[in-house]
Amino acid sequence: MKMIKQQLYLITCAVGLMLPMAGAHAEVDKHARNLAASCAACHGTNGHSVGGTAVLAGMDRELFVAQMKAFKSGARPATVMHQHAKGYTDEEFELLGAFFAAQKR
Amino acid sequence: MSLDRRDFLKLSMAGIAVGAFPGLAFASSEIFRKKGQRVVIVGGGFGGATAAKYIRMWSNNKIEVVLVERNAQFVSCPMSNTVLGGTRTIADLTQSYDTLKKKYGIKLVHGEVTAIDTEKQAVMLAKGHLKYDRLIIAPGVDFMFEQVGGLNAAVAEESIPHAWKAGAQTTLLRSQLEAMPDGGVFALSIPKGPYRCPPGPYERACQVASYLKNNKPKSKVLILDANPDITSKKGLFMAAWKDLYPGMIEYRANAAVTQVDVAGKVAKTEFEDVKADVLNVIPPMKAGVVASMAGVVNVDNRWCSVDFLTYESKAHKKVHVIGDAVSAALPKSGHMATSQAKVCAAAIIEMLQGRAPDQNPTIANTCYSMVSDSEAMHVANVYRFNAEKQAMVAADGGGVSAQRSETEGALAGYWLKNILDDVLM
Chain H
1 MKMIKQQLYL
11 ITCAVGLMLP
21 MAGAHAEVDK
31 HARNLAASCA
41 ACHGTNGHSV
51 GGTAVLAGMD
61 RELFVAQMKA
71 FKSGARPATV
81 MHQHAKGYTD
91 EEFELLGAFF
101 AAQKR
Chain U
1 MSLDRRDFLK
11 LSMAGIAVGA
21 FPGLAFASSE
31 IFRKKGQRVV
41 IVGGGFGGAT
51 AAKYIRMWSN
61 NKIEVVLVER
71 NAQFVSCPMS
81 NTVLGGTRTI
91 ADLTQSYDTL
101 KKKYGIKLVH
111 GEVTAIDTEK
121 QAVMLAKGHL
131 KYDRLIIAPG
141 VDFMFEQVGG
151 LNAAVAEESI
161 PHAWKAGAQT
171 TLLRSQLEAM
181 PDGGVFALSI
191 PKGPYRCPPG
201 PYERACQVAS
211 YLKNNKPKSK
221 VLILDANPDI
231 TSKKGLFMAA
241 WKDLYPGMIE
251 YRANAAVTQV
261 DVAGKVAKTE
271 FEDVKADVLN
281 VIPPMKAGVV
291 ASMAGVVNVD
301 NRWCSVDFLT
311 YESKAHKKVH
321 VIGDAVSAAL
331 PKSGHMATSQ
341 AKVCAAAIIE
351 MLQGRAPDQN
361 PTIANTCYSM
371 VSDSEAMHVA
381 NVYRFNAEKQ
391 AMVAADGGGV
401 SAQRSETEGA
411 LAGYWLKNIL
421 DDVLM
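One line per chain: the protein sequences are H and U, in this order.
Letter by letter, the first sequence follows residues 1 to 105 of the numbering used here.
Letter by letter, the second sequence follows residues 1 to 425 of the numbering used here.
Everything labelled a hint here was simulated from the structure, so no lab data went into it.
Think of the CB as a built atom: it goes at the ideal place given N, C-alpha and C, for glycine as much as any other residue.
Some hints could be false.
Claimed, not checked - Restricting the straight-line Cα-Cα distance to at most 30 Å, the calculated cross-link-like pairs of lysine-lysine (DSS-like) are:
(1) U:LYS234 - H:LYS30
(2) U:LYS314 - U:LYS192
(3) U:LYS34 - H:LYS30
(4) U:LYS213 - U:LYS192
(5) H:LYS30 - U:LYS62
(6) H:LYS86 - U:LYS318
(7) H:LYS30 - U:LYS275
(8) H:LYS69 - H:LYS104
(9) U:LYS318 - U:LYS275
(10) H:LYS104 - U:LYS62
(11) H:LYS30 - U:LYS213
(12) H:LYS30 - U:LYS192
(13) U:LYS107 - H:LYS104
(14) H:LYS30 - U:LYS314
(15) U:LYS318 - H:LYS30
(16) U:LYS417 - H:LYS86
(17) H:LYS104 - U:LYS417
(18) U:LYS62 - U:LYS165
(19) U:LYS131 - U:LYS35
(20) U:LYS120 - U:LYS107
(21) U:LYS102 - U:LYS318
(22) U:LYS234 - H:LYS86
(23) H:LYS69 - U:LYS35
(24) H:LYS30 - U:LYS101
(25) H:LYS104 - U:LYS103
(26) U:LYS127 - H:LYS30
(27) U:LYS120 - U:LYS242
What the hints assert, rightly or not - Simulated restraints, written as ranges between beta carbons of each label pair:
(28) H:SER73 - U:ALA410: 41 to 51 Å
(29) U:LYS218 - H:GLU91: 53 to 63 Å
(30) H:ALA70 - U:ASP92: 47 to 57 Å
Unchecked claim - Below, a sample of chain U positions facing chain H; criterion: calculated Cβ distance under 10 Å:
(31) LEU108
(32) HIS110
(33) ASN227
(34) THR231
(35) SER232
(36) LYS234
(37) GLY334
(38) LYS342
(39) ASP358
(40) ALA364
With these hints in hand, go ahead and build the complete structure from the sequences.
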């Protein structure tokens, strides 16, 4: 009985830990996922490029955000990316960065 | 959740109605017995195939997807102008639907849709019908042959191809180019916008000129444009024509072709008759005919208006429209069709669970144009939902290449590789 109670407690804890994340971030994550989906034409599904462009899946979040900001400001020259970067907000860079960082390489 | 009971009642009523008055629609048998929640998608091009894959992927395969497509294989329209230039063949642009079936469990039905019953929520084919909870219409474009006297679908297939859907007509146009004498005229007629792929006709002029320059250098490309000016990447195209094909490409604005003499290969505009050796008339376009069957063509008798949060038709509930058929200030491009498809897929998944869709869709578009056998240039934009205007609006900062380059030529190839992988694999 005690074992079961302990296990239940552990499960409750685990669920308790997971729920706030799911509750607070589920919508945000989906919006990030939806934002990221448009990048796939050049960078592959979920950032898994199959050639010629940066693999965004698994990229370090801060590096991603820094690169996007550099494209936006013009600090990093580009053929296309400066034009895309200017269309997104810094908050969206953070969402995109978190989404791509969470994708398995 | 009040929705559930009402819907249940409605469905029951529909059930009774069908039972009591078995209409023509349900005289046929059900192709796949519908059990759980199902989305039927008509049209397996860039938009439709993407919606199919993403609904499966994002719903963890919980929503059933049936994709109806008339062609056995997927042929990419983007980059198909390079078949005319000679750097690609149609086979290079052709892919199978097998991965969508095997990896994602999408049910594929090959066949022509004959009718759509939005009341009974069913799609009819010769071999039976399919019931749906949500329907996505991704019909691409059809051609308004009636606006060009002498032209019709059969003529286009046999002698005056539009080649504006990649496939047999692209190959026919290439063989006509190969058979053309040196010193001949290739006449290209561009319809008034909106049409599929705004920069496409000007890219085509480049690809034809690229072939002629190497094989028949005394020949000419004559562009008869119904529009008052070059509609996309104007400066870049004019520079490419001047630098790469000097004296070869002649451009005429406000030159809508209204009549063709099929046997004589003559294109008639308001001002002149143009005799050509190869005649490539791209007729005006409208939403693919399947959209009419669903009763969702409600803009100028040509296009479909949608809610940009969900791509649900403004004409019929539970029917969504994506891609070239949509009326919007968005380019009719392959990338745009895939981006719309993903917004639509995400929204349908939420709506089928009684939740609100993403209220802030933001999508991107990149279109490359190959101006020679190795160089390309692009146009790129981000489009954001504007709640006040209830429209997708281009964000600041988008634009075209600084100049054409071989780097972009390579990137264009990788764009194709990645987008095909995203759509089909």
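Now for the hints, and whether the structure bears them out:
1. As the CA atoms of LYS234 (chain U) and LYS30 (chain H) are separated by approximately 38 Å, the hinted pair breaks the 30 Å bound.
2. Restraint check for LYS314 (chain U) and LYS192 (chain U): satisfied, since their Cα atoms lie roughly 25 Å apart, inside the 30 Å limit.
3. For the suggested pair LYS34 (chain U) and LYS30 (chain H), the alpha carbons sit about 28 Å apart, so the restraint of at most 30 Å is met.
4. Between the alpha carbons of LYS213 (chain U) and LYS192 (chain U) the distance comes to roughly 28 Å, so the proposed pair stays at or under 30 Å and holds.
5. Distance restraint check for LYS30 (chain H) and LYS62 (chain U): the Cα-Cα separation of roughly 17 Å lies within the 30 Å cut-off, and the hinted pair is therefore satisfied.
6. At most 30 Å may separate the alpha-carbon atoms for a hinted pair to count; LYS86 (chain H) and LYS318 (chain U) exceed this at roughly 35 Å.
7. For a cut-off of 30 Å, the pair hint linking LYS30 (chain H) to LYS275 (chain U) is broken: about 56 Å separates their Cα positions.
8. Taking the CA atoms of LYS69 (chain H) and LYS104 (chain H), the gap is about 24 Å. The hint holds against a cut of 30 Å.
9. Taking the CA atoms of LYS318 (chain U) and LYS275 (chain U), the gap is about 49 Å. The hint is violated against a cut of 30 Å.
10. About 22 Å separates the Cα atoms of LYS104 (chain H) and LYS62 (chain U), which keeps this hinted pair within 30 Å; it holds.
11. Of the supplied pair hints, the one linking LYS30 (chain H) and LYS213 (chain U) is violated, its CA atoms being roughly 51 Å apart against a limit of 30 Å.
12. Distance check on the hinted pair: LYS30 (chain H) and LYS192 (chain U) sit about 39 Å apart at the alpha-carbon level, beyond 30 Å; violated.
13. A C-alpha spacing of about 28 Å is found between LYS107 (chain U) and LYS104 (chain H), which places the hinted pair at or below 30 Å, so the restraint holds.
14. For a cut-off of 30 Å, the pair hint linking LYS30 (chain H) to LYS314 (chain U) stands: about 25 Å separates their Cα positions.
15. A threshold of 30 Å between alpha carbons decides the hint, and for LYS318 (chain U) with LYS30 (chain H) the separation of about 22 Å falls inside it, so the pair holds.
16. As the CA atoms of LYS417 (chain U) and LYS86 (chain H) are separated by approximately 25 Å, the hinted pair is consistent with the 30 Å bound.
17. Taking the CA atoms of LYS104 (chain H) and LYS417 (chain U), the gap is about 21 Å. The hint holds against a cut of 30 Å.
18. Our distance criterion of 30 Å between C-alpha atoms is broken by LYS62 (chain U) and LYS165 (chain U), whose separation comes to about 33 Å.
19. Of the supplied pair hints, the one linking LYS131 (chain U) and LYS35 (chain U) holds, its CA atoms being roughly 10 Å apart against a limit of 30 Å.
20. At roughly 21 Å between alpha-carbon atoms, LYS120 (chain U) and LYS107 (chain U) fall within 30 Å of each other, so this suggested pair holds.
21. With a CA separation close to 27 Å, the supplied pair LYS102 (chain U) and LYS318 (chain U) stays within the 30 Å bound.
22. The suggested pairing of LYS234 (chain U) with LYS86 (chain H) holds, with an alpha-carbon distance near 22 Å, which does not exceed 30 Å.
23. In summary, the hint linking LYS69 (chain H) to LYS35 (chain U) is not supported, as the alpha carbons are separated by about 48 Å, beyond the 30 Å threshold.
24. Of the supplied pair hints, the one linking LYS30 (chain H) and LYS101 (chain U) holds, its CA atoms being roughly 25 Å apart against a limit of 30 Å.
25. With a C-alpha separation of about 18 Å, the suggested pair LYS104 (chain H) and LYS103 (chain U) falls inside the 30 Å cut-off, and the hint holds.
26. The suggested pairing of LYS127 (chain U) with LYS30 (chain H) is violated, with an alpha-carbon distance near 38 Å, which exceeds 30 Å.
27. As the CA atoms of LYS120 (chain U) and LYS242 (chain U) are separated by approximately 57 Å, the hinted pair breaks the 30 Å bound.
28. A hinted range of 41 to 51 Å is violated for the C-beta pair SER73 (chain H) and ALA410 (chain U), which are about 26 Å apart.
29. Take LYS218 (chain U) and GLU91 (chain H): their Cβ atoms lie about 58 Å apart, and the range 53 to 63 Å holds.
30. Distance hint check for ALA70 (chain H) and ASP92 (chain U): the Cβ-Cβ separation is about 36 Å, which falls outside the suggested range of 47 to 57 Å.
31. Given hint, LEU108 (chain U) at the interface with chain H, is violated; its Cβ is 19 Å from that chain's nearest Cβ, farther than 10 Å.
32. Annotation: interface hint on HIS110 (chain U) violated; nearest CB of chain H at approximately 25 Å, more than 10 Å.
33. Taking 10 Å as the C-beta cut-off, the interface hint given for ASN227 (chain U) is violated, the closest approach to chain H being about 24 Å.
34. Checking THR231 (chain U) against chain H by beta carbon gives a least distance of about 19 Å; that is not within 10 Å, so the hint is violated.
35. Evaluation of the SER232 (chain U) hint against chain H yields a violated restraint, the C-beta minimum of about 15 Å exceeding 10 Å.
36. Annotation: LYS234 (chain U) was flagged as interfacial toward chain H, and the flag is violated, the nearest CB pair being 17 Å apart, outside 10 Å.
37. Taken as an interface hint, GLY334 (chain U) checks out: its beta carbon lies about 8 Å from the nearest beta carbon of chain H, inside 10 Å.
38. Checking LYS342 (chain U) against chain H: minimum C-beta separation of about 4 Å stays under 10 Å; hint holds.
39. Given the 10 Å rule on beta carbons, the hint for ASP358 (chain U) holds: about 5 Å separates it from the nearest Cβ of chain H.
40. The interface hint given for ALA364 (chain U) holds, since its Cβ lies 4 Å from the closest Cβ of chain H, which is under the 10 Å cut-off.
In the structure shown, a violation is registered for the earlier hints numbered 1, 6, 7, 9, 11, 12, 18, 23, 26, 27, 28, 30, 31, 32, 33, 34, 35, 36, in ascending order.
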